[in-house]
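Number of protein chains: 2
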Amino acid sequence: MRILVSNDDGISSKGIYSLAKSLQSLGEVYVVAPENNQSAISHAITMHQPLRAKKIKFFDTDIDAWWVSGTPADCVKLGIETLVKVRPDIVVSGINKGENLGTDVLYSGTVSAAIEGCVFGIPSIAFSYEDFYEEDFTVAGQVALKVTKYAIDKGIPKRTVLNVNIPKCASLEEIKDIKVTKLGIKVYKNNFEERTDPRGNSYYWLTGDLEDLGIQSDTDIDAVKNKYVSLTPINIDMTHYGLLDSVKEWNMKLHE
Amino acid sequence: MRILVSNDDGISSKGIYSLAKSLQSLGEVYVVAPENNQSAISHAITMHQPLRAKKIKFFDTDIDAWWVSGTPADCVKLGIETLVKVRPDIVVSGINKGENLGTDVLYSGTVSAAIEGCVFGIPSIAFSYEDFYEEDFTVAGQVALKVTKYAIDKGIPKRTVLNVNIPKCASLEEIKDIKVTKLGIKVYKNNFEERTDPRGNSYYWLTGDLEDLGIQSDTDIDAVKNKYVSLTPINIDMTHYGLLDSVKEWNMKLHE
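First to last, the sequence lines map onto chains H and X.
Throughout the first sequence, residue numbering follows the working numbering, covering 550 to 805 in sequence.
Throughout the second sequence, residue numbering follows the working numbering, covering 550 to 805 in sequence.
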């Protein structure tokens, strides 16, 4: 089993260290991850600049590891096609510092690394940890190992990514269990704080308050809040199949 | 009708000019678009730097227009919440120089601008033009006006974006009609070209050859190839609902 590990927090983050170490018990691990923090970079790819890559010593391990001067999707592309000389059997991304729940998946570099693996036809999983300030990913690493084992054993369907969120916890025992969920909805308001620079010009910081949308049953948001690991199958085909027929009934004509 | 127009090619591109001009016949148009080209930036948002914005004269028009020093999703967020003092009734993105078909939507800044409008609960459409080298978007602008009229008239369902691709053409008559489609699949191989810099170090340019996957019936790719405008409803909820039950049957247990 060859496992390609990436993330969006950057190659020197604690989360990717814990993930790569944990997965070593399943096979040969390769790490290809961004040189710098790429949070909220989504599925961006680098087209107008060339990429650099460098093989490095990965913490205290002997894992083959490279940083790439680009995005998570760049890392997975370059890892699969150029850096790692063997095709991975699975791509695993994370463990992200901070949750990627509901609407977050649209912005997440962590999830996009896994989606890029899936675009290559390789089963892929993204892991995120609820605590944005945590530096200890030991328990999250144990969860990631357990879930990855299930995924390998059962087989991730084609064109599907598993998005996994792990609740904040001090020990594995604090987590109740694993729930299969749908994505919830997150809406932010008051997203920008306007400031004035020393030369009198305005600038804007992204911030934002989460709107309280009440309980969203069966969602990843609700599961993690209640101390469950959430696992959501993500469809990389974004066609809204349920609407195809009704939009066809609009009966659009270009030449009328 | 208040129409917010954005794009990913940048505020000085011909495509956004044609789009904004065409849509003026439907109501009040506002333009908020990136200062610089943001192609393939996907749904990235700027968290670690502040944003600048500046009101400018938009070509030969009197349209209220701002550039933003960020991504398409930043533009739509900042436009709705801060720059434009009224809430738009519709967000329209494009017209992109180059198609956004099938798997492209994962990487597209054009589509992500529309998705961001949809996250705000505003009906949203993305327009792209098949010709990457074209500088004349007059016909594409006519198509965009026609499709936007239909969308306003029929109503875009919640949490749905319309992704519209316009085939390369010299006149409107060359385009056969509008087809409602699903997204096709695009797979690239040999994505990177390795070069050596004057100091002997490797670097990599993203390139890539499209694999021939044969005819993909009922897809946007096939429609545009056959000179139809493709219109694909996109679901911003990426949950793979069709797999929820089968993944639940994996019967995962954290504590066994």
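Be a bit skeptical, because a hint or two may be false.
In this list, chains with the same sequence are indistinguishable; a pair is considered to hold if it fits within one copy or across any two.
Below, simulated EDC-like cross-link-like pairs (lysine to aspartate or glutamate); rule was C-alpha separation at most 20 angstroms, straight line [said to hold, decoys possible]: (1) K606 <-> E805; (2) K735 <-> D771; (3) K604 <-> E683; (4) K797 <-> E584; (5) K695 <-> E805; (6) K725 <-> D638; (7) K725 <-> E577; (8) K797 <-> E743; (9) K738 <-> D726.
Think of the hints as simulated: they come from the structure by calculation, not from any bench.
Outcome of the hint check:
In this assembly of identical chains, K606 and E805 lie within 20 angstroms of each other by CA distance neither inside one copy nor across copies; the values are 65 angstroms within and 35 angstroms between. Taking CA atoms no more than 20 angstroms apart as the test, K735 paired with D771 passes inside one copy only; the shortest distance there is 12 angstroms, against 35 angstroms between copies. For the identical chains of this complex, K604 and E683 are neighbours neither inside a copy (27 angstroms) nor across copies (41 angstroms), given an alpha-carbon limit of 20 angstroms. Within a single copy, K797 and E584 get their C-alpha atoms no closer than 46 angstroms, and across copies no closer than 37 angstroms, so neither meets the 20 angstroms cut-off.
Taking the shortest Cα distances, K695 and E805 sit within 20 angstroms of each other only across copies (10 angstroms), while inside one copy they are farther apart (59 angstroms). In this homomeric assembly, K725 and D638 never come within 20 angstroms of each other (Cα to Cα): the closest approach is 30 angstroms inside a single copy and 44 angstroms across copies. Proximity of K725 to E577 under the C-alpha cut-off of 20 angstroms is found in neither arrangement, the shortest distances being 30 angstroms within a copy and 53 angstroms between copies. Within a single copy, K797 and E743 get their C-alpha atoms no closer than 44 angstroms, and across copies no closer than 46 angstroms, so neither meets the 20 angstroms cut-off.
For a Cα distance limit of 20 angstroms, the shortest separation of K738 from D726 qualifies neither inside one copy, at 32 angstroms, nor across copies, at 40 angstroms.
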